[in-house]
Structure formats: structure tokens, C-alpha cells
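Peer 1: Using the hints provided, position chain B relative to the given structure of chain A.
There are 2 protein chains.
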Amino acid sequence: MKFRRSGRLVDMTNYLLNHPHALVPLTFFSNRYQSAKSSISEDLTIVKHTFEQQGIGSLLTVPGAAGGVKYIPSVNKREAEEMIKILCELMEKPERLLPGGYLYLTDILGNAKFMNQVGRLFASVFAERKIDVVMTVATKGIPLAYAVASQLGVPVVIVRRDSKVTEGSTVSINYVSGSSKRIQTMLLAKRSLKVGSNVLIIDDFMKAGGTINGMVSLLEEFEANVAGIGVLVETEGVEDRLVDEYISLVKLADVDVREKQIDVSQGNYFNFYQTIKGSSGGIKE
Amino acid sequence: MKFRRSGRLVDMTNYLLNHPHALVPLTFFSNRYQSAKSSISEDLTIVKHTFEQQGIGSLLTVPGAAGGVKYIPSVNKREAEEMIKILCELMEKPERLLPGGYLYLTDILGNAKFMNQVGRLFASVFAERKIDVVMTVATKGIPLAYAVASQLGVPVVIVRRDSKVTEGSTVSINYVSGSSKRIQTMLLAKRSLKVGSNVLIIDDFMKAGGTINGMVSLLEEFEANVAGIGVLVETEGVEDRLVDEYISLVKLADVDVREKQIDVSQGNYFNFYQTIKGSSGGIKE
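Here the protein sequences come in this chain order: A and B.
Letter 47 of the first sequence, counting from 1, is numbered 48 in our numbering, and no numbers are missing.
Letter 105 of the second sequence, counting from 1, is numbered 106 in our numbering, and no numbers are missing.
You may find that some hints are simply not true.
You can't tell identical chains apart in this list, so a pair holds if it fits in one copy or across any two.
Claimed, not checked - Mimicking DSS-like on lysine-lysine, the simulated pairs with C-alpha atoms at most 25 Å apart in a straight line are: (1) K71 / K114; (2) K208 / K165; (3) K195 / K182; (4) K208 / K261; (5) K86 / K38; (6) K252 / K71; (7) K38 / K252; (8) K3 / K78; (9) K165 / K252; (10) K78 / K182; (11) K182 / K114.
Simulated from the structure, these hints should not be mistaken for lab results.
Isolated chain A (complex conformation) (with noise of 0.2 Å):
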């Protein structure tokens, strides 16, 4: 089939979407529209102008026989900063006080939409590193695990507290939970990651650190290796974190129950922040 630039440009720009991180040669791109190579690069130069402009992210450039072109998800400061912003605004409403001083974020983590952005964002900053799963641990986790791993083009193992019999075998380590000091255990299916794995671990939140401590050390069990953190709430003030290095959205500084008063502040995320290295320039046949 025969395309026009306006038809490609609106195609390729889905294409692109739906393979975050992918090489695509140039010429997937020239068999699949019937067109020139150097028609193609025209076009890839109007989407990767418009991808930065609008913050939609990068599309980098690998040059020679085996090259092509690369989408890489990113986020603008600015955006990134309006975010984590509204998430802030949304955790200090009252009504989220349960008794105990806990917070009901269930409608924050059910929010498809926002969590795809959340997942920008973590994508967007783990972008250059090498990443070959993502990792987290039932049950809350889960959506924005999955968020992050489509931008980024990868899958999802899930870590479970209790033994399921469709999972086959599995590796269970104890591990102490780092605030209630109580001893708990997870577990991974066995043929669910392979050695040597590059692994991201994405966690909904984070207190003294010791559910992201134990995957750490599940991941050791399988000799795989810790590329990230990153978790979307961590609490303030605490003493001994049991995790060195972590990228987190936001941060919970305090719970005042007796008045009703959330104090929430952004968390790391912009000490790691870097603006994603694009190629200069159009892109070459």
C-alpha cells in the first residue's frame, strides 16, 4: 500500500508509541509505507521535532547497516515538576486519613491514566540505563510496575508473600521487615527471571525500606542485578533506611491525625533527572 507524508507521519508516530526502546531500521519503516529511505528520514525528522518539542520524549539515532531509529519515552522538566506537583496536591486531601494514620492512595494507584504518566516519569529517568525487567511485589505495586515496563519496553516479574500453585516452583527468602522489625517471607517462580538479569525494582511505597531490602536480596538468589529503584511515596525521617541508592516521586514528611494535616513534598526524583542525550540533527539515511 501507497502512503502520503501525512498518512506515514500519523502511522509511524504509532508505531513508535507502541515500541518504546525499540530499534526499528529504516527500512521496516521504507517496506512498510512502499517509500524511499530518504523519504522516510524526512519523515522521521518532522516526528523527532515534534517528540522534544511537545516532551513526548527522544528519538535517537544508530547510525550504520544495523542501525535505525530508537524511541525513548522522556518527560520535560517541567512537566515532570507539574506532576509530582499534583501528585502532592492529591495525598494532602484529609479524607485519605485512615485510623492507625495509614492513607488510602487505592484511588491513586487505580487511576490507569495516571499511573501510564507516573510510569513516564520512571522511564524517563531510568532511560539510559540497561534494563531488562521490571520487578515488584503484590499487590499495589502492580499497576505502576506495569506502567513503567511499557515505556520502557520490557516485562514484569511480580514477587508474592504466599505460594501459589500456577507459579511451579519458586526461590523464597525471610526477610525482616524494616519497620515493624517482624520477620516475613517472598517468594519468586523459579523460571520467572534469568540469571544474570538487569533488573528495575518499582514499589507504590516505601518506609524503612525493607520489602525493596528483600527483593534486593532475592535478586542475589537468581545472580541478577539491581539496576534501579524506584518507588512512587517514601516516608521522611527515618533513621536506618535499609536502601542506599532510590528515586522516589514524593515524600511524607508527616502525619498529623489529631488535625487532620498530610505533609507531602516532592521526593528525589529531580537529583536524578538529566535531559535524555538525543542525536543533533535530522535523521540520515
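Peer 2: For chain B alone, kept in the frame of chain A given last:
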């Protein structure tokens, strides 16, 4: 900022893909691009044509002062057949067999990209029903539920089998598992679902339908309506199915542990498949 047509097409495509089922007024785009409504109409006609030709979805036009365009994700029949065929082949691999005749599906459910594609299949077949929220039960149904919800532009609520302090007060029901005949409990946070909501139930696996039937009972407690039921896999040969109307992608016919033979066929998806009735012709100012 002034945009040329080529830039508008790229950005518009991205915007529409990120806002499925949302009504976008033409004035939104004409303000965004500082362009005349007549140019925007022409752009949208190109987008619509490409979306339909490439099986990305439909672009519906809602006429009048409160009108605009709405992107409805959909899958054409050929693509749906292809995807269901891939799913059957994936599931039939003998190495999936676990002791007791269970199947290991964790890798399929962990494939974020594949889940998004399967989500599009369901979003497509349920596109014309009124849906306010997608519901599933923890844990395995969660990725698929979010994928469907993303494409329908609605949130997700997750039913749990155990109570969590971070959920606040909950409504719980007891139900009888259809295959094991055991009494089980499921619960949902009270504030997670509004009275009168139209709910699409999504799950990964349905045997006799006890779990799904439990979710239906739970919805009655919330005075909510079942807008539809979708499952990735149903098992064949169930005599007393507890659920009436449901849509399945594949049907697990027989598992022969001795011969290591797994028999998977197409589900009832195509009994419900229909082409989305887009507006004919171009998009008018």
C-alpha cells in the same frame, strides 16, 4: 506556538492515543496549534483515515456546539484472529505443564506489551457499552484489567481476598468457589466504587465462574451494574457455569499430563466482535 500540518499530525496522533474515549472539542486543537478550525478538520480527516486503514481504531465525530472527536481503540478482525492464534500457540507449549495439571502462564501475564495488545482486544469488543470502571480480583487479573482500563479511559478497582489496613473500611462477601466448592471471602474498599457504577469485570482465568460470580454479588452490594465480563482463558467442559454472558479469548479444552499435551482453541470472542460504526465521510467544522 504555530505548527505546520506535519507537526500537528504527529502531536494530534499522540494526544488522541493518550486520551481514548474522551471527547476532544475541535477548539482544543485549534487553540493548541494556533490554527483555523478548517485546518484542524482536515488534519482529523487524515488521522481518521489512517487510524481506520491501519486498524488503530476509529475517530468518531460528535456534532454540535458541545461536539468534537473521540478516539475509540479497536482491532480489526484479521489482527484479532492473529493475536488469538498467537495466544493459543503460546499456551500449548508443553513446558507450561505444572504438577497437578496446572498451567504456568506467569510469563504471558508478565509481558507488558502483550497485555496491552490483549487489552485492546477487550477495549474493542466492549467499546460501545457504557463502562465507568474496570474491576478485577488480585493478583493475576491486575495487568490485564489495567490494560483494558487504559484503552477505555476509565479507572480500575481491585477486589482482594484479604483485608489491608490501607484500604479503609471494606464490604466483604462469602462465595462458593465453583470448582472446589469451598467457601471463600472477597472484599472491596467501601469508597472505591460509587453507587450505580457500570462495571466491566476482567479476569485472567475462568473455570466454573465462582470468582467472577463472587464479583457480581459484590457489585450488588454496591448497587453497581455489570456492564460486561471478559476473561483471557476459559476452561471447556464445565457443566454448570455460574456466569451467563462473558467474552473469552481462548478456551482450554484438555490438559493431558501424561502425554504433555495441552489443547487450546479460540474462545467466544468473535461471537461478540463487531466493527465500530464510525461516522462516514470527513470531519466537519
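Peer 1: Work down the list of hints and note, for each, if the structure agrees.
Peer 2: We went through each hint and held it up to the structure:
1. K71 / K114: both (24 Å within a copy, 16 Å between copies)
2. K208 / K165: between (27 Å within a copy, 17 Å between copies)
3. K195 / K182: neither (31 Å within a copy, 38 Å between copies)
4. K208 / K261: Within one copy, since 21 Å is at most 25 Å while 46 Å is not.
5. K86 / K38: neither (43 Å within a copy, 33 Å between copies)
6. K252 / K71: Neither: 33 Å inside a chain and 37 Å across chains, both beyond 25 Å.
7. K38 / K252: neither (49 Å within a copy, 44 Å between copies)
8. K3 / K78: So K3 and K78 pass the 25 Å test across copies only (22 Å; inside, 39 Å).
9. K165 / K252: Between copies, since 22 Å is at most 25 Å while 34 Å is not.
10. K78 / K182: So K78 and K182 fail the 25 Å test inside a copy (38 Å) and across (55 Å) alike.
11. K182 / K114: So K182 and K114 fail the 25 Å test inside a copy (36 Å) and across (38 Å) alike.
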